[in-house]
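Each chain, letter by letter, is given below.
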Amino acid sequence: MTSLESAQRLQAQFLNLVSNPSEFRGELTVALADAEQISEVCGFAKKTLGFDYLVDISSVDNYGDDPRWTVVYELASLIHGCHLRLKTSVGEEKSELPTVTNIWKTADWHEREIYDMMGIRFRGHPDLRRILMWDGYPYFPLRKDFPLAGKPTELPDVAFTKPAPLEGGPFVTAAGGKDSVAREPRVRTTEI
Amino acid sequence: MQQNTEIGYNSKIEGEVVVTKLDSALNWFRKNSLWPMPMGLACCAIELMAAGASRFDIARFGSEVMRFSPRQSDLMIVAGTVTYKMAMAVRRIYDQMAEPKWVIAMGACASTGGMYRSYSVLQGVDNIVPVDVYVAGCPPRPEALLDALIKMQKKVETEPVFADLAIAAPFLKKS
Numbered sequence: 016m017t018s019l020e021s022a023q024r025l026q027a028q029f030l031n032l033v034s035n036p037s038e039f040r041g042e043l044t045v046a047l048a049d050a051e052q053i054s055e056v057c058g059f060a061k062k063t064l065g066f067d068y069l070v071d072i073s074s075v076d077n078y079g080d081d082p083r084w085t086v087v088y089e090l091a092s093l094i095h096g097c098h099l100r101l102k103t104s105v106g107e108e109k110s111e112l113p114t115v116t117n118i119w120k121t122a123d124w125h126e127r128e129i130y131d132m133m134g135i136r137f138r139g140h141p142d143l144r145r146i147l148m149w150d151g152y153p154y155f156p157l158r159k160d161f162p163l164a165g166k167p168t169e170l171p172d173v174a175f176t177k178p179a180p181l182e183g184g185p186f187v188t189a190a191g192g193k194d195s196v197a198r199e200p201r202v203r204t205t206e207i
Numbered sequence: 083m084q085q086n087t088e089i090g091y092n093s094k095i096e097g098e099v100v101v102t103k104l105d106s107a108l109n110w111f112r113k114n115s116l117w118p119m120p121m122g123l124a125c126c127a128i129e130l131m132a133a134g135a136s137r138f139d140i141a142r143f144g145s146e147v148m149r150f151s152p153r154q155s156d157l158m159i160v161a162g163t164v165t166y167k168m169a170m171a172v173r174r175i176y177d178q179m180a181e182p183k184w185v186i187a188m189g190a191c192a193s194t195g196g197m198y199r200s201y202s203v204l205q206g207v208d209n210i211v212p213v214d215v216y217v218a219g220c221p222p223r224p225e226a227l228l229d230a231l232i233k234m235q236k237k238v239e240t241e242p243v244f245a246d247l248a249i250a251a252p253f254l255k256k257s
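Chains as they are written, first to last, in my numbering: chain A, 16 to 207; chain B, 83 to 257.
If you're looking for bench data, these hints aren't it; they were derived computationally from the structure.
Heads up, a few of these hints could be off.
[To be verified] Per label pair, the in silico range of CB-to-CB distance: (1) A:VAL196 x B:ASP208: 30 to 36 angstroms; (2) A:LYS120 x B:SER115: 47 to 53 angstroms; (3) A:LEU163 x B:ALA248: 32 to 38 angstroms.
[Stated by the list, open to error] The calculated PhoX-like cross-link candidates involving lysine-lysine, where the alpha carbons are at most 20 angstroms apart (straight line), are: (4) A:LYS177 x B:LYS103; (5) A:LYS102 x A:LYS61; (6) B:LYS236 x B:LYS103; (7) A:LYS62 x A:LYS120; (8) B:LYS183 x A:LYS166; (9) B:LYS237 x B:LYS183.
Just so you know, even glycine gets a beta-carbon here, dropped at the ideal spot from N, CA and C.
In isolation and in its complexed conformation, chain A is listed as follows:
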């Protein structure tokens, strides 16, 4: 079974939920209209379509747009040797969707990382704690409204943070410069 066949069978099973597959560089992506159904769709993808391997779950912060979050599931089948990407949106007020840890055990740490970095919660997760930052860190550092330099925090006997000196930065490389001097990282302001 190819990626395209999988996407079509997924669409046939969940008629008004799963969008037409879009292709980019040989990879297929389908969008799921209702994030609440993610567990059912993933369960079907694993049990019936043979997507036995969850490669990754990632999240996107569409800051300023509604809905704010996009959660992306990378599915792979070692049986059929194919790949499928599943996208779904979550609003900021809710910031919550069902877990898929009951389908793939590996989702445990992926979901914890998303919770840690973005602050999206996964309902039904067995152990939703921070995974990279320490318990008690008050921010979600991968959000677009979190400053690159960080914010000062203090948690006695555990950890502290201070904003990093950016010296006018962030330093950005310029792609396509003709020599390394033109390409090297410098303070660059975006021209609008």
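Position chain B relative to chain A; hints supplied.
What follows is chain B alone, placed relative to chain A:
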């Protein structure tokens, strides 16, 4: 025929006595047996391992005994990126080391935070422990670390050990 000058200790000339200062003797012991606490946190640790292996051979300077216990080490080599999550652990290990103790900040990350101008990385390990020698490089070559070790030995050599002891224990003072 070339004649070698006797510059070392010669028991035939001097008898079985060596005259020196207590400070010099103590510092000589210390500087030639700086046992490192390898605080390997990132890729610099690989270069630290290379410095310990046969090609560069840190044993030539008496520092081959990498002690993974802070109680037995004199010199903390902070090799790598110190994250805020790790910072308290580094400080705790430094606190557990017995005096006298020294610190080498190996590489750009340990010295200044390096390329990580970010929310998660401590901007230089000197924010939490006193650093004696900074090594530039990303990562520094083993030669650079050995150079830092020689500089560290030079610094150890000049420390007034007995005077410091006399401050800590006044009864040692000459009456």
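Do the hints match the structure? See the list:
In this structure the supplied range 30 to 36 angstroms holds for A:VAL196 paired with B:ASP208, their Cβ-Cβ distance being about 32 angstroms. Look at A:LYS120 against B:SER115: about 50 angstroms separates their beta carbons, and that is inside 47 to 53 angstroms. For A:LEU163 and B:ALA248, the Cβ-Cβ distance of about 51 angstroms falls outside the hinted range of 32 to 38 angstroms, so the restraint is violated. Distance check on the hinted pair: A:LYS177 and B:LYS103 sit about 47 angstroms apart at the alpha-carbon level, beyond 20 angstroms; violated.
Between the alpha carbons of A:LYS102 and A:LYS61 the distance comes to roughly 16 angstroms, so the proposed pair stays at or under 20 angstroms and holds. Of the supplied pair hints, the one linking B:LYS236 and B:LYS103 holds, its CA atoms being roughly 17 angstroms apart against a limit of 20 angstroms. As the CA atoms of A:LYS62 and A:LYS120 are separated by approximately 14 angstroms, the hinted pair is consistent with the 20 angstroms bound. This hinted pair does not check out: B:LYS183 and A:LYS166 have alpha carbons roughly 33 angstroms apart, beyond 20 angstroms.
In summary, the hint linking B:LYS237 to B:LYS183 is supported, as the alpha carbons are separated by about 12 angstroms, within the 20 angstroms threshold.
In this structure, the earlier hints numbered 3, 4, 8 are contradicted, and the remaining ones agree with it.
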